[in-house]
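Build out the structure end to end from the sequences listed, making use of the hints.
Chain by chain, the residues:
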Amino acid sequence: MTAEAATPTTPQPAAGEPADDDGMDATPGLARRTLAVFARNRLALLGACLLAALLAFCFLGPLVHPTDQVHTDLDQASLAPGEAGHLLGTTDLGYDMLGRLMHGGQTSLEVGLAAGLLATLFGTVYGAVAGYFGGWVDAVLMRVTDAALAIPALFLLVVVAAMVTPSKPVLILVIASVAWLSPARLIRGEALALRSRDYVHAMRLMGGGGGRAVFRHIVPNAVGTMIVNATFQIADAILYVAYLSFLGLSIPPPAADWGSMLSSGITYTQVGYWWLIFPPGLAIVLVVAAFNFIGDGLRDAFDVRLQKN
Amino acid sequence: MTRFLLKRTGQALVVLFLVSLIVFVLLHQLPGGPARAILGPKATPEAIAHFNHLQGYDRSLPVQYGMYLKRLVTGDLGESYKLNQPVFALLTERLPKTLLLTGLSVVLAALLAIPLGILQAVRRGRLSDYVLTGAAFVAYATPVFFLGLVLILGFAQQWPLFPAEAPQAESVGGILAEPAGLVLPVVTMALGIIAMFSRYMRSAVLDNLGEDYVRTARSKGQSQVRVLARHVLRNALIPLAGLLGLYLPTLFSGTLVVESMFNYPGMGLLFWNAAQSNDFPVLLGVTLVVGVATVLGSLLTDLAYAVLDPRIRSVS
Chain A
1 MTAEAATPTT PQPAAGEPAD DDGMDATPGL ARRTLAVFAR NRLALLGACL
51 LAALLAFCFL GPLVHPTDQV HTDLDQASLA PGEAGHLLGT TDLGYDMLGR
101 LMHGGQTSLE VGLAAGLLAT LFGTVYGAVA GYFGGWVDAV LMRVTDAALA
151 IPALFLLVVV AAMVTPSKPV LILVIASVAW LSPARLIRGE ALALRSRDYV
201 HAMRLMGGGG GRAVFRHIVP NAVGTMIVNA TFQIADAILY VAYLSFLGLS
251 IPPPAADWGS MLSSGITYTQ VGYWWLIFPP GLAIVLVVAA FNFIGDGLRD
301 AFDVRLQKN
Chain B
1 MTRFLLKRTG QALVVLFLVS LIVFVLLHQL PGGPARAILG PKATPEAIAH
51 FNHLQGYDRS LPVQYGMYLK RLVTGDLGES YKLNQPVFAL LTERLPKTLL
101 LTGLSVVLAA LLAIPLGILQ AVRRGRLSDY VLTGAAFVAY ATPVFFLGLV
151 LILGFAQQWP LFPAEAPQAE SVGGILAEPA GLVLPVVTMA LGIIAMFSRY
201 MRSAVLDNLG EDYVRTARSK GQSQVRVLAR HVLRNALIPL AGLLGLYLPT
251 LFSGTLVVES MFNYPGMGLL FWNAAQSNDF PVLLGVTLVV GVATVLGSLL
301 TDLAYAVLDP RIRSVS
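One line per chain: the protein sequences are A and B, in this order.
Counted from 1, the first sequence has number 26 at position 26 by this note's numbering; the numbering is strictly sequential.
Counted from 1, the second sequence has number 221 at position 221 by this note's numbering; the numbering is strictly sequential.
No lab work stands behind these hints, which were simulated from the structure alone.
We treat Cβ as the ideally placed atom computed from N, Cα and C, and that holds for glycine.
Mixed in with the good hints, there may be bad ones.
Stated by the list, open to error - Derived coverage of chain B by chain A (criterion: at least 3 residues anywhere in the stretch with Cβ under 8 Å from a Cβ of chain A; other residues may be distant):
no., region
1, 140–149
2, 260–272
3, 275–286
4, 291–297
Said to hold, decoys possible - If you want the ones that stay clear, here's a sample from chain B, every Cβ over 12 Å from chain A, calculated:
no., residue
5, L18
6, N52
7, H53
8, R71
9, G103
10, I118
11, R126
12, A164
13, Q168
14, A169
15, E178
16, D212
17, K220
18, R226
19, T250
20, F252
Unchecked claim - Cut-off 20 Å, straight-line C-alpha distance, at most; resulting in silico cross-link-like pairs (EDC-like, lysine to aspartate or glutamate):
no., chain 1, residue 1, chain 2, residue 2
21, B, K7, B, D212
22, B, K82, B, E93
23, A, K168, A, E110
24, B, K7, A, D138
25, B, K7, A, D146
26, B, K70, B, D58
Written as structure tokens, this is what we have:
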């Protein structure tokens with residue numbers, strides 16, 4: 001939306017040298033180098049460990065600590081942490097807080113991951129088509145993203161969410177429908193640079209069509225940018241889930257996610273039930289930070305020009 | 001300069017037109033159409049047909065879009081289903097309050113972030129730099145509403161220094177008359193901005209410190225303070241204007257959360273209440289206005305940027 005005067009604020013993954021046409025799998029050299037640079041970044045490693053721990057907590061935790069997250073138990077309502085064997089206390093409806101944190105985390109992570117990946121995939125194809133074909137196709141496609149980006153994401157998200165009845169798949173679609181815009185713009189820039197490469201010209205001389213160019217040449221060569229962007233997209237998507245739930249527009253109870261847990265905790269700030277607020281809040285901060293650290297690490301790893309031999 | 005101005009304004013106009021098109025399309029995606037939304041689930045097919053005819057919803061889409069644009073130009077954004085007031089009137093009452101909240105937050109953030117960023121750059125690699133960078137990372141990953149809740153728990157409950165609810169006055173002046181109530185909402189908004197601005201300032205100052213003119217200034221015997229204030233700061237501050245333009249959408253998204261949390265009577269709260277009651281004219285009216293505000297805001301920052309930095313004009 002802003003003009004060329006844009007300053008380098010958001011992390012813009014650089015193009016990097018093109019990999020082989022078949023993507024990462026066919027070039028173990030690049031893959032290994034990438035991994036090595038990533039592993040040298042301590043924050044990125046910390047992020048990866050954090051993420052692994054959170055995934056284990058949410059998806060394996062319930063095996064160790066099984067709780068009923070569907071039926072309310074008012075006899076056990078609003079217990080402080082430690083009371084009656086509830087490590088993190090209970091909610092106003094008697095749900096065990098530790099168990100609910102795992103249960104809610106599953107929703108947040110599943111929706112966030114799926115929406116982030118979907119947005120990146122769609123945005124990539126959209127951006128690659130715009131950038132490769134150029135001309136009026138590019139002009140039309142990109143002006144549409146400019147306009148949609150001018151509307152603050154949260155407002156657009158709330159309008160779309162208010163029109164539908166939320167469930168997990170619907171929520172994924174709603175978030176992806178807003179989040180694909182920035183990867184589209186990013187990949188379009190990449191495609192603009194890639195389409196004038198010699199091997200793309202050669203392919204065209206041999207009679208290759210636009211579809212082949214986009215899917216066999218542009219997209220595979222933008223894979224680094226895609227992966228880095230997907231990481232940031234997932235972090236954003238997890239935040240969007242939380243924002244929507246917090247604003248009361250997510251999957252209705254007894255389902256929960258970290259945002260809706262916070263939103264129900266807000267009622268009890270006056271009586272000081274801090275355990276309803278800090279655990280889900282910190283969980284969101286940790287997972288978003290983890291994805292951002294990983295994204296930063298991957299950006300350095302894929303940006304070949306930054307690599308020292 | 002005139003050419004840049006015209007080109008940039010032209011771009012903004014195209015985007016504005018498309019923003020209105022997006023909002024119009026959304027309006028037509030309403031479940032069951034606007035008639036169902038207004039008349040309710042029990043309306044008879046006859047009533048719906050009559051309503052559609054009266055509103056022109058039985059005409060072709062391009063004609064309807066033309067009518068919609070015509071109404072927009074005259075300031076007619078439709079009528080709230082729930083509040084029975086024109087959306088335009090609601091917005092003219094709420095928008096200044098939202099601009100006050102964002103304005104105060106940006107000013108506070110700039111006042112803190114600029115010195116913090118300079119400090120980090122000058123003390124690069126030392127403990128204070130690491131601590132501040134870490135804090136910025138955490139602030140970056142913290143959702144606004146969690147931050148707000150923590151501030152409420154801390155400074156409204158544990159140590160009751162400030163009220164947890166924003167001033168409820170009718171006018172901007174009335175809100176300013178109760179500064180204590182503004183503290184928590186403004187600080188909540190400002191912390192995220194500080195994290196971003198200070199990160200930018202740190203890298204901008206570091207870049208500038210490595211420039212030849214800094215070495216020249218130093219070799220002429222200028223003090224560190226003078227080098228920073230006269231040379232580095234000037235060059236590092238200009239792009240901050242462009243950064244602010246890019247950041248506007250995020251800023252407005254923030255007001256949505258902060259206003260609904262602290263019950264601040266601005267546009268975000270109006271929007272949130274409308275979302276709770278499916279008041280679509282208000283939802284879409286606010287969306288349009290926020291979109292327009294973003295486009296105009298980034299246009300203005302770009303123009304200011306071009307006035308301050310002649311290189312921008314020639315590049316574009």
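Hint by hint, here is what the structure shows:
Chain A is given as covering the region 140–149 of chain B, and this holds because 7 residues of the stretch bring a CB closer than 8 Å to a CB of that chain, at least three being needed. Counting residues of the region 260–272 of chain B whose CB falls under 8 Å from any CB of chain A gives 4; the rule of at least 3 is met. Three residues within the 8 Å Cβ limit are the bar, and the region 275–286 of chain B against chain A gives 7, so the coverage statement holds. Residues of the region 291–297 of chain B with a Cβ under 8 Å from some Cβ of chain A number 3, which satisfies the need for three, so the listed coverage holds.
Non-interface status of L18/B relative to chain A is broken: a Cβ of that chain comes within 12 Å, the nearest being about 3 Å off. No beta-carbon of chain A comes within 12 Å of the beta-carbon of N52/B; the shortest separation is about 19 Å. The claim that H53/B is not at the interface with chain A holds, since no C-beta of that chain comes within 12 Å of its own (minimum 24 Å). Taking the minimum C-beta to C-beta distance to chain A, about 19 Å, the non-interface status of R71/B holds against the 12 Å cut.
The Cβ of G103/B sits about 17 Å from the closest Cβ of chain A, beyond the 12 Å cut-off, so the non-interface label holds. A cut-off of 12 Å between C-beta atoms confirms that I118/B is not in contact with chain A; the least separation is 18 Å. Listed as outside the interface, R126/B is consistent with that label: its C-beta sits roughly 18 Å from the nearest C-beta of chain A, beyond the 12 Å cut-off. Residue placement check: A164/B does not keep its beta carbon more than 12 Å from all beta carbons of chain A (closest about 7 Å).
With a cut of 12 Å on Cβ distances, Q168/B stays outside the contact zone with chain A, its closest approach being about 18 Å. The Cβ of A169/B sits about 23 Å from the closest Cβ of chain A, beyond the 12 Å cut-off, so the non-interface label holds. A cut-off of 12 Å between C-beta atoms confirms that E178/B is not in contact with chain A; the least separation is 20 Å. The claim that D212/B is not at the interface with chain A holds, since no C-beta of that chain comes within 12 Å of its own (minimum 21 Å).
No Cβ of chain A comes within 12 Å of the Cβ of K220/B; the nearest lies about 30 Å off, and the non-interface call holds. In this structure R226/B is separated from chain A by more than 12 Å, as the shortest Cβ-Cβ distance comes to about 26 Å. Distance check for T250/B against chain A: the nearest CB is about 7 Å away, which does not clear 12 Å, and the non-interface claim fails. For F252/B, the requirement that its beta carbon stay farther than 12 Å from each beta carbon of chain A is not met, with the minimum near 4 Å.
Restraint check for K7/B and D212/B: the C-alpha separation of about 34 Å exceeds 20 Å, so the hint is violated. For the hint linking K82/B to E93/B, the alpha-carbon distance of about 17 Å falls within 20 Å, and the restraint holds. Proximity of K168/A to E110/A is assessed by CA-CA distance (about 9 Å); at most 20 Å being required, the pair is judged to hold. For the suggested pair K7/B and D138/A, the alpha carbons sit about 18 Å apart, so the restraint of at most 20 Å is met.
Of the supplied pair hints, the one linking K7/B and D146/A holds, its CA atoms being roughly 16 Å apart against a limit of 20 Å. For the proposed pair K70/B and D58/B, the alpha carbon gap of about 17 Å is at most 20 Å, so the pair holds.
Checked against the numbered hints listed earlier, the structure breaks hints 5, 12, 19, 20, 21; every other hint is satisfied.
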